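**Q** With the hints as extra help, turn the sequences into a complete structure.
Chains as they are written, first to last, in the numbering used here: chain A, 909 to 1167; chain B, 8 to 130.
Rather than coming from a laboratory, the hints here were simulated on the basis of the structure. Some hints could be false.
[As the list claims (entries may be wrong)] Under 10 Å between C-beta atoms, here's a sample of chain A residues computed to sit facing chain B:
hint: 1; residue: 939
hint: 2; residue: 943
hint: 3; residue: 945
hint: 4; residue: 953
hint: 5; residue: 955
hint: 6; residue: 1050
hint: 7; residue: 1054
hint: 8; residue: 1058
hint: 9; residue: 1112
hint: 10; residue: 1131
hint: 11; residue: 1135
None of the values given here were measured: they were computed from a predicted structure. Cβ coordinates follow ideal geometry from the N, Cα and C atoms, glycine included.
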Amino acid sequence: MPENMLSKIDYCLHLADNALILCHKNAAWCGHAPSPELDIALTNISLDLIGQARNFYQYAATLINENNAKGDSVTDDHLAFLRDVNEFKNCLLTEIPNGDWGQTMLRQFLFSNYQYFLFQQLINSKDEQIAAIAEKSIKETTYHLRWSSEWVIRLGDGTPESHSRMVHAVQELWPYTGELFLPADYEMDCLKSGIGADLELLKKDWWNKTHEIFSEATLSIPGKSFVQDGGKYGKHTENMIPLLTELQYMQRAYPGCEW
Amino acid sequence: MIKLIRKFYYGDYDSTNPGASLNTNEKLSEETSWPLWEIFVRSKQGLDHKHVGSLHAADAAMAIENARDVYTRRNEGISIWVVQSKYIHATNAEDADSLYDPANDKTYRHPTFFDLPDAVKHM
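**A** Given below as structure tokens:
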């Protein structure tokens, strides 16, 4: 398999894993959100995310099968349910525990903000399929960003209790934001070949938006802080193994099971 | 101290009046819950907004977003109106006789005595 094809597959898996893992974390709120309306809202977002994950997994599976004529063919389900923890390429931010509602909202905002500007770039990807998935996803992500921004503002600029919880959430999540903009080698390759996003550019847009929302939410952006990375290469936090144990349980326990 | 959890045992409910609220809970929910909003959705350009239901939200912005998530997730709409339920004024059910029944026998108010040309549709 040519080198740049490997990078493209890794890139698609990375994009898919981000969406799948955050979808799974958000889905844990189902039945537990502060009100039935919010329960539906957050599970809607999860459903959007699993749709995005599926599109990228299906494309990755197509690429893998086209370039691996002799081996066993794979499907999107294989990629989601049968890869091990060190093969997952999601950013660490997506696997951080839900915490309280405020922390989940902040995580969604930080990630949707990243996804929004990412898809804006990927619309112009030289790879038609990636461009098409980005175009479909950006409408969903625009709403996720709007919705989560409002929650960050509402809680940050809310009561003393909600404000202090948001300050805590910022402290918890901030060390994981730097990784979003540290390109992995497959991201560099895809940028060079014109199919991937430029993370330097993305970082500027992301910062401006984060700045805008944080100031409205009366939250301050932490100064220089330690950047925790590794997720894009399969080095995950301790949260990832229990997460996958739950996510992959059915396919591991009953291989090939369908319903 | 506010009692948040209350256990019920057999006989605690008044079986002759099921669904009757308990004063303690009612008071609590009034103080802590978000106000109720009525939701109107327009399904297509050119059609009216129709009442589809109600939900709880802290303010209008949240009500619109909640309505989007609750009432338009299956492609039902292209526009949403929200109004806080307390601003809706309604007729009294007991007045129904005097308000609506008098119209029952006024068939001359329906324009059924005109011959419409074929070219006129949707009247």
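**Q** Find the hints from earlier in the document that the structure breaks and name them by number, from lowest to highest.
**A** The structure conflicts with hints 1, 6, 9, 10 and 11, although it agrees with all the remaining ones.
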